[in-house]
Amino acid sequence: MIEVRNTTKSYRGSIVVDDVSISLPAGGVISLIGPNGAGKSTLLSIISRLLPASAGTVTVDGMDVATTPGDVLARRLSILRQDNQMTARLTVRDLVAFGRYPYGKGRLTAEDEIHIRRVIGYLELDAHAGRFLDELSGGQRQRAFIAMVLCQDTDYVLLDEPLNNLDVKHAVAMMKLFRRTADEFGKTVILVLHDINFASCYSDRIVAMRDGRIVYEGPPETIITPEVIHDVYGVRADIHEIDGKRMALYFR
Amino acid sequence: MRWLLPAAGGVVALAAASLFVGVSDVTMGSLFSPGGSDEAVQILLASRLPRTLALVLAGTAMAVSGLILQMLARNKFVEPSTAGTAESAVFGMLMVTLLAPGTPIIGRMLVASLCALAGTTLFLAILRRMPLRSPLVVPLVGLMLGAVITASTEFVAYRYDLMQSVRAWETGDFSGVLRGRYELLWISGVLTAVAYAAADRFTVAGLGEDFTTNLGLDYRRVVALGLVIVSLVTAAVIATCGMIPFLGLVVPNLVSLMHGDNMRRSLPWVALTGAGLVLACDIAGRLVIHPYEIPIGTTMGVVGSGLFLYLLLRRNAGGTGRAA
Amino acid sequence: MQPDRRLLPPAATIAALGGLTVVCVLLFLTLNARGSWSFVLSFRGTKLAAMALVGVAVATSTVLFQTITNNRILTPSIMGFDVLYRLIQTVLVFQLGSAAVAALDPRLRFGIEVTAMVAFSWLLYRWLFSGSLRGLHLLMLVGIVFGVLFRSLASFLQRIIDPNEFLAVQDRLFASFNRVDAPLLALSAVIILAVCAVVWRQARMLDVLALGREAAINLGVDHRRAVMLVLVLVSLLVSVSTALVGPVTFFGLLVANLAHLLADSHRHRVVLPVAALLAVLTLVGGQLVLERLLGYAGALSIVIEFLGGIFFLVILVRRAGR
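Residue numbers (the UniProt record's numbering), protein chains in the order written: chain A, 1 to 252; chain B, 1 to 324; chain C, 1 to 322.
Think of the hints as simulated: they come from the structure by calculation, not from any bench. The structure displayed is predicted, hence computed values, not measured ones. Don't take every hint at face value.
Stated by the list, open to error - Okay, the calculated bits of chain C under chain A, using three or more residues with CB under 8 Å as the criterion:
1) 69-80
2) 204-210
3) 218-224
C-beta atoms are modelled at their ideal positions from N, C-alpha and C, and glycine is treated no differently.
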């Protein structure tokens, strides 16, 4: 269970996350949606201790992220942000192997090797495992980074716009993988998503943010409605139910 | 504009102070007293007056050169010592000294200015080839180009035992200025006047090639004129008293903070501030460890880099980071 | 699974470089030797030891610095580290008087200087890297200008301390490639070995640091503490190399980039030895060629600056768009 209590983040007077409180129970896929600048990525960074909060506390399974040792948290929670640039020249396999660092501090056991190979398989990267990241396409690189966090094998997996750079086929495969991670392995996957229909089809819960605050929260049925979408994004949307999933059409 | 006169008065006062500061006593009293006047007048005419004139001429010219170069490179962080100009001039001086030791000073200066011209042109050519230059990378390129040229200079100088001369050209020092050994600087005085006459063209060139052409000016000609002025001035200053670092950088920036970037309006201020800053630094250098002297290259290095840091960090704190 | 596609296995790269280095060292010690062997060996041995220590220190400090800044064109010297050490040396003379400093045991003097260096550089660079400076180019420019400021301040103080007196001690205080400060060799070796031992133990953590701040935190590294530790190690190494031979601006840049290219590995346990060997090889080999073959004794640092400067210019121009 992740608990965010009265958390605020401000930069030089401008408030990005405004007194947010929310409990996210363990298990399932949770999507954070909202317009640009709503504070989704900032909130995700605060939960994952990449950014210190200006006020308030965040606990993960009762551990305060601000005070718990980093390596303890690294075995409980993993985070992938957008724009992963690095100067180090790594192969895909090297990168994925870093996911095991919190366990053996760099020494790989036979069990680690099994994890690494399995995750590379899940993300269909077997053919590219020996290639360097800078030789890959944007989508392949994105999948390699996701493989690294999944290899970390944490109870909570936080991903900031993981579908960036992915084509339709890989985006669908990725969402299915997240679903499977939650259903089969009992993980909690928290995503920042731009595509509300992906959020609708694959999440158990959706959290909608606007202007630094959480404005709506609940299962997709209660969030993917014309009223809520208009309130959050300021656009008119028609909602159609297809195969039991609610889809928003907002292109007109 | 109305502060220009008081500012000019301040510079005149500094110049007057410069006449009376030094190892041997020159005071109003000694000048006009019947007994000691001869000696005092001698010192005044042979050493103090030339030194003060040299300071004013060099300070004005270097500050104005910095301003011109900033217009041409369209970057606020450029000046002769961050564009390869000064280092190339030193290289030129070394080459003449080595290959034609008998050349009179004016000839040396001309060769040095040719080298400075080549170095600065190379700098501008590198800038043109760079894709998407950020304002801050421009002085970095200039500093590195300067470092490479300096390394070549020092290699040759080391080989032929001329390191001492090179150090003298690299560090500005007015203590050796005497009558008969500074007159070259009048050339830079004339060039400063030319720069003032052409000020509007430089302002236009500072807005870019397309803009200049649109207004019916020949961009390449304006750039060429500017480069010639900057190279000649830098070479003249280095040949007479050595490099004064950062002067051309900080003075135009300080002036631009107060008066904006119209060169016709800012140029008198740049000239005055340049002269004033050089006079102040030199006088301070004469007083701090009296009777010894600290060369102006050192005092200006401290003051100039301090001011430069202030400018860099102040811009950053503002957060706007206006592209220069 | 496709095998890794490295040019050479890391062990082979290290072995090849090691072999070349040994050859250069032997040539350096024996080529054109005239007179008594014991004299030649001890004279050249001192020089060799200094070059080896400086090579290891410069290579290691640069690689570490680039790891924590996640950037391949920053080096401690470009950021003004080594000139800061010069300034501290000068301030010490200024405070105590040149006679008192000259009378100090060189090792004690060195100890005081290194302590001051670690403290000051730590404070300054913690501020520089605390994120208050936006953007790499600004950071570099500020570093370079700090370098100029430190250098000018040092020469300003040198003038203030009685110029005549200062000249007298200058030779003894400030080393260069031609004038190695021999009494400090043993102490320097101890410091460098200790630093290298720490670095070796933390090598895997350094691998993680190289992934960048966010990835490192995600993997459980206390990023702030790790960076501070590395900064302390870097200032120790820079102190040692500057005390032995004075500032060398571009050498580290050249060596670290070549090492990354040759090693083609992200592992510090590969990159660091390759960088150190390359550095020693460049210094000893360069000295061998310049001094023994071309007769330009003492020009080594100038040649390195020249090549390094051009190299820097090339990467700067090529990467400026990014």
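Now the hints, each set against the structure:
no., hint, verdict
1, 69-80, "holds (count 3)"
2, 204-210, "holds (count 5)"
3, 218-224, "holds (count 6)"
Violated hints for the displayed structure: none, as all numbered hints are satisfied.
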